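Trainee: For reference, the chains in residue letters:
There are 2 protein chains.
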Amino acid sequence: MRYGRIPDETIRRLSTYMRGLVGLFHEGIEKVSSTALAEALHMNPPQIRKDLSYFGAFGTPGVGYEVEKLLNHIKDILKLNNTHSTALVGFGNLGSALLKYPGFSPYGLDIVAVFDDDSAKIGKKINGIEVEDVSRIKDLEKREIRLAILAVPANAAQETTDKLVEAGVRGVLNFAPLYLKVPKKVKVITIDIATDLARLPYYLPAG
Amino acid sequence: MRYGRIPDETIRRLSTYMRGLVGLFHEGIEKVSSTALAEALHMNPPQIRKDLSYFGAFGTPGVGYEVEKLLNHIKDILKLNNTHSTALVGFGNLGSALLKYPGFSPYGLDIVAVFDDDSAKIGKKINGIEVEDVSRIKDLEKREIRLAILAVPANAAQETTDKLVEAGVRGVLNFAPLYLKVPKKVKVITIDIATDLARLPYYLPAG
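First to last, the sequence lines map onto chains F and U.
Heads up: the first sequence begins at 1 in our numbering, then just goes up one per residue.
Heads up: the second sequence begins at 1 in our numbering, then just goes up one per residue.
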């Protein structure tokens, strides 16, 4: 199903609602009001109702949402009920940790290819996946891999991204601390761990 | 120096400006207009000018900002010109990767203590830091450690956070995919890798 143009911020919040709903589902909770969902996520109820209204009416006034149904609906909107083959580029400390990270598979995100430029790593097998030379990135389109996780050093990030885009990748989860230039058809989400940690000292009490 | 009440969103953007300025500084660029800085960061110039205006006037109309001066000023605002001892809790895949992560030290964020509850890990030494039993978290206040990076499994995250808060920790960088309940005096920043990756498939073309 296609919807109209949905703001990026709504898509971002939908993924957060999904996380909250997954938590409620695992706690065995079957129904939730927008107020309770908002409270669990430190958000506000009108915002949740407005975001969901883009996708038609759900929820019953005075009762709320059925957790499992809403969860599946949001997964449908986010195209998470299909499996998406994902490439991991950069097999250093962070890359290795991400390959072992169990949080991706519940959303159908499946790392099926790993690339590095270090000959000491190329050819190694981890969890049944062989580390390949970055020159093989060009085959991604043929292999129907259109998502990539980028865990390379900052100075290699833009060049690697250009290769990924050329190979048909349309979504990049970027861990390098810089903005990547990509064509409009490509979506980049950047996770900048250091910049996030750097926001904390501001909140320390003086002294 | 103390400023008035600054919105959280401004603090978040200041850390992003800082990242952009660090990049310009390393490229040897000495002056930058708010327009050029905004462009490099995919933000808008009036927003940058407004955010910076909270902290007094800087920049010269028609010339822009001196990169190094503005960078140092923002670091001062964010209290990043001092060193901040930081604890890492959870020494699994992600924790180990974070300990080796080079991105924290330029901002004075120094991981000086590592905790885990796995007896196979406790006592091991990595980069001169010995992994300690989580029961030692209670000594953090005495050791003047008030920031923590939380890389424990989701089901241990809230309990661990409670212990950190009790031990005087005032800022937590949380990698567990849930909202942590903390008193108002404590700031939590959550990095939810899976939820961020889960936003990408939405942008894939159909078919």
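To be clear, the hints were calculated from the coordinates, so they are not data collected in a lab.
These numbers come from a predicted model, not from an experiment.
Some hints could be false.
Chain copies aren't distinguished; within one or between two, either way the pair holds.
What the hints assert, rightly or not - Heads up, simulated EDC-like pairs for lysine to aspartate or glutamate below, C-alpha to C-alpha not over 16 angstroms straight-line:
#, residue 1, residue 2
1, Lys181, Glu39
2, Lys79, Asp196
3, Lys50, Asp117
4, Lys79, Glu130
5, Lys181, Asp76
6, Lys181, Glu166
7, Lys184, Glu68
Trainee: Determine for every hint whether it applies to the structure shown.
Mentor: Here is what the structure says about each hint:
1. Proximity of Lys181 to Glu39 under the C-alpha cut-off of 16 angstroms is restricted to the inter-copy arrangement: shortest distance 11 angstroms between copies versus 37 angstroms within a copy.
2. Taking CA atoms no more than 16 angstroms apart as the test, Lys79 paired with Asp196 passes between copies only; the shortest distance there is 14 angstroms, against 28 angstroms inside one copy.
3. With identical chains, the CA atoms of Lys50 and Asp117 are never at most 16 angstroms apart, being 46 angstroms at best within one copy and 43 angstroms at best between copies.
4. Taking the shortest alpha-carbon separations for Lys79 and Glu130, neither the intra-copy value of 28 angstroms nor the inter-copy value of 44 angstroms comes in at or below 16 angstroms.
5. Proximity of Lys181 to Asp76 under the C-alpha cut-off of 16 angstroms is found in neither arrangement, the shortest distances being 29 angstroms within a copy and 30 angstroms between copies.
6. Within a single copy, Lys181 and Glu166 get their C-alpha atoms as close as 13 angstroms, which meets the 16 angstroms cut-off; across copies the closest is 44 angstroms, which misses it.
7. Taking CA atoms no more than 16 angstroms apart as the test, Lys184 paired with Glu68 passes in neither setting, with 34 angstroms inside one copy and 32 angstroms between copies.
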